[in-house]
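Protein chains in written order, with the numbering used here: chain A, 1 to 576; chain B, 577 to 759; chain C, 760 to 1034.
Note that these hints are calculated values from the structure, not bench results. Where hints are given, some of them may not hold.
[Said to hold, decoys possible] Okay, derived cross-link-like pairs now, EDC-like style, lysine to aspartate or glutamate, Cα gap no bigger than 20 Å in a straight line:
hint, chain 1, residue 1, chain 2, residue 2
1, A, K375, A, E274
2, A, K322, A, D514
3, A, K424, B, E676
4, B, K582, C, E975
5, A, K418, A, E399
6, A, K356, C, D954
7, B, K747, B, D643
8, C, K949, A, E376
9, B, K675, C, E945
10, A, K287, A, D78
11, B, K582, C, E972
12, A, K375, C, E975
13, A, K286, A, E274
14, A, K286, A, D564
15, A, K287, A, D545
16, C, K988, A, D78
17, A, K380, C, E972
18, A, K487, A, D545
19, C, K999, A, E124
Single-letter residue listing:
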Amino acid sequence: MESDREPIIEFNNVSFKYRVQTEPTLKDINLRIYKGEKILIAGQSGSGKSTLAHCLNALIPCSYPGDMTGTITVDGKDPSKLGVFGMSQIVGTVLQDTDGQFIALTVAEDISFALENDCVPQDEIFNKIREVGGKLELLQVMRNSPGALSGGQKQRVSLGGVMVCDVKILLFDEPLANLDPATGKRTIALIDEIMKREDLTVVIIEHRLEDVLYRDVDRVILMDGGRIIADKTPDELLCTDLLPVNGIREPLYVAALKAAGAKLMPESHPMHMETLDIEPYRDTVKKWYHSMPAHEKPKTGETVLSVQNLNFSYDGSRQILKDVSFDIKKGEMVALVGKNGAGKSTLASLICGFHKPDSGTILLEGSDISPLSIKERGEKIGFCMQSPNQMISKPMIMEEVGLGLTVRGASPKEVYDKVCDILKICGLYPFRNWPVSALSFGQKKRVSIASILVMNPEILILDEPTAGQDYMHYTEIMEFLQEIRRKLPITIIMITHDMHLMLEYTDRTLVLTDGQLIKDATPYEVLTDSAVCDRAYLKTTSLYDLAVSCGIDDTGEFAARFIDFERSKGKEVSHG
Amino acid sequence: MKIGIKEVVAMGIGTALFVVLTNVQIPVFIVPNTALQPRMAILAFLAAAFGPIVGAVVGFLGHALGDAVFYGSVWWSWVIPEAVVGAAIGIFAKKFAVKEGGFANGMNLIIFNAVQIVANAVAWILCAPVLDIVIYKEPANKVFSQGAVAFVLNIIIIGILGTILLLAYSKIAGGSSELKAEE
Amino acid sequence: MARMISYEDKDTPIHKLSGFTKLVFFIVWCMASALTFDTRVLILMLVMGFAIYAVSGTKWNQVSTVFKAIMIFMVINLTCIFFFAPYQGCEIYGTRTEIAHLFGNYTLTKEQLFYEMNVFIKYFTVIPAVFIFLVTTNPSELAASLNGIGVPYSIAYSLEIALRYIPDVQDEFIRIRNAQEARGIEMSNKGKLLDRIKNTASIIFPLLFSSMERIEVVSNAMELRGFGKKPKRTWYSRRKLKAADFLVLAFIILFFAGTVALTIKNGSRFYNPFV
């Protein structure tokens, strides 16, 4: 049926091996993408999806040397001949890191960047960026610096920066990684709108499948081990079990339908929850729901941390936190959520003592911690930054993990013993004599957490522990934290954007919006409360929509039972 | 010599680092203006990693910009020697192979420290005092004493902190092979 | 963190000048100040400097913290000069007019006082120029202006990158310092020197490491958008020169030429009131 259309991107028997590696990263790729299509490329880390994308903008083989066989044609041209600069006129690449992509001092200059490099006269630049700025609704912020923009605005600037070249193809490298759920949804809507209006072809690399499928996608290319293992429409693909088998997270409503025992059919359009024809499945889901055991609320211990009437502002005028109060119980895992700038990081900073509150008290096991210095608090409340690279300062694992004890004057023997204990708990003991450089990202993350746990704190605060990680690494990090909770009497507070994480792993969710705590409830209650979700830039879970369309009233309970089911299934798998 | 994109970005972000660390000082004596400046170690690191042009530009722009935004004045007689230090250390960048993780061997340690001592001597014992005398007609004994103090402080901070940073980076960034998990 | 001097968007005649004009003015002004030791010229520059400062609408509180820091430096520097060379002035001006004997070998002379006053003013002629330059020049124009005076655009652009990422690096530095301090690694003034340096290393290393990663990401992004492929580039933020710009440029060049001429005519950089 495709034979009468001209492909705009064509891979014929393409293999590629990086010069530094022994095995090829891409193996015998054959792929056709047609003009006007929207293609999603999915696959876990190491599947070759980023390498495939780099072939489109000629970073491979021009910037990353290696051996390539087969032929690639993009818009009738050979990328390796045209080079990175030549390809940038055809394929616009939007990178994951919007701060890294925003090079200039203001929005207008950044959008102009490619034109400036192409020596376009200033008058033409002015006209062009007015046009692009208008399309992306950026005219109001043209003179702003990146620091004065929201995550969504930065994403639009990145898009504008590649659209000025009148490209034919837009390539997005994990566009949702750093966005809150609501902004991610809007980004997907924007991409859809732009591609239709400008008649573009779009390739998106992303593992947050459910979020990308918020708008129609023509085909999903699933990759694993350097090969394309599926090239199907989303409706077809979701009816198979290829996604979970290959380490990609299915949309939650799809997973729930399958859990309930429904046989999904492409004709029922499972691509979006809104368009799904629920009729064939409704009774199955209802029956399953009533057959599942009721969700048991976790038992709570005594209060370990109590925050009372906290107020804070950096400059004395704009309130960042307004009268925030909550209690954290011993052994809990709590998520702290809200859009960027809602005050989450500030709240963590106040608890750790990096800033002093204007008023209010913080009690740790009943006693006021305001007299304690940052260092003294650090012995009771550990803080772990987002990237392990922001914390690791010693080349050897032993040294790094023991650093906190060493600087506190512990004897070498004591340091050694405690470090060994904690390395055993963290599953790092076999690597104790390794340099940090030999570890994977997930293992480095463990090292940075171990280097805090070694001081035996009561509370561990984690800043976005899974940001930018794919499902496999996400699971690795979160299962690690679960294990820590089983082995140590620790209380964990996590700042996160990840709704799945909240649902699956946390006992309670604190929702901050504009400095106020607007909800303190279980994740099931939060993510099925659309009013709260709208205010806090969260997104109701699709389990909520599924429950509603099946006529189940207690949507929170439905979500809870499904997660309980998933967890018990997960345990069976890991034990079996 | 052609400057690649990576070098341009290294100059920019290196300058930003240098400026941000302007106010981070480790006091040695109680006398003012005699603190160790960790930013010198950053300059040495970047020069060793990216070469003489990056070293010179980070030294020049970083010092001028840091002076200007924090002290409201630019002491050109101390800006230029900073560029000299960066350029001189950068000459051996290829040999050090910092980005490839090749710095960590005895020979490079010796070359790096020998070069930084010579570079600092030229910059602070020769260049800076001479410029001070030419521009400000300051007394020779004063500026040479100042230069000598700066020389000593800078070779200490680059010698210790610079070496630590280079070694750690080479070990952390470089790959590793043939490691066995132990029980 | 100490307060930095930064650009403020206003509508004054100085703000309206092109960044190129201000950069050239600033550089030539610094050269003139470095060249001359003629008290009359220095005082003229000082008066002009403060006049321009007044026109630029710069608020005192934008620069007061920094100003105090320079004053402290100046006092220390002038005192040092006196202790190292109490008769430097006599050597320069060739006479010795004693005012009072202080102690030991130190006698206060009119020549020394006059010389130190000149050094003081010389330093001071640069200060208003720096203040005004930083407060009235849109940072976006700086790179374009540097390129305009002949600096290769790749080096000029590195200044744009520096200005763009200073806030990000600053923010990251503070966050890393806090997190490391919570682990117990402090940059305090206590303890042995070597330990203090090691602690500093533990804080600076992660910052350096993540900056190296940033360099990687930013260079890829720039390459994908065609940086450096052509021998020239245009600038969105370059401002066209207007009549006022040409006037200012003509003035500063004439002023510099005048200073040079005066130095040659006098046969010395110094103005000597003692003969």
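Which of the listed hints are not met by the structure?
1, 3, 6, 7, 9, 10, 12, 17, 18
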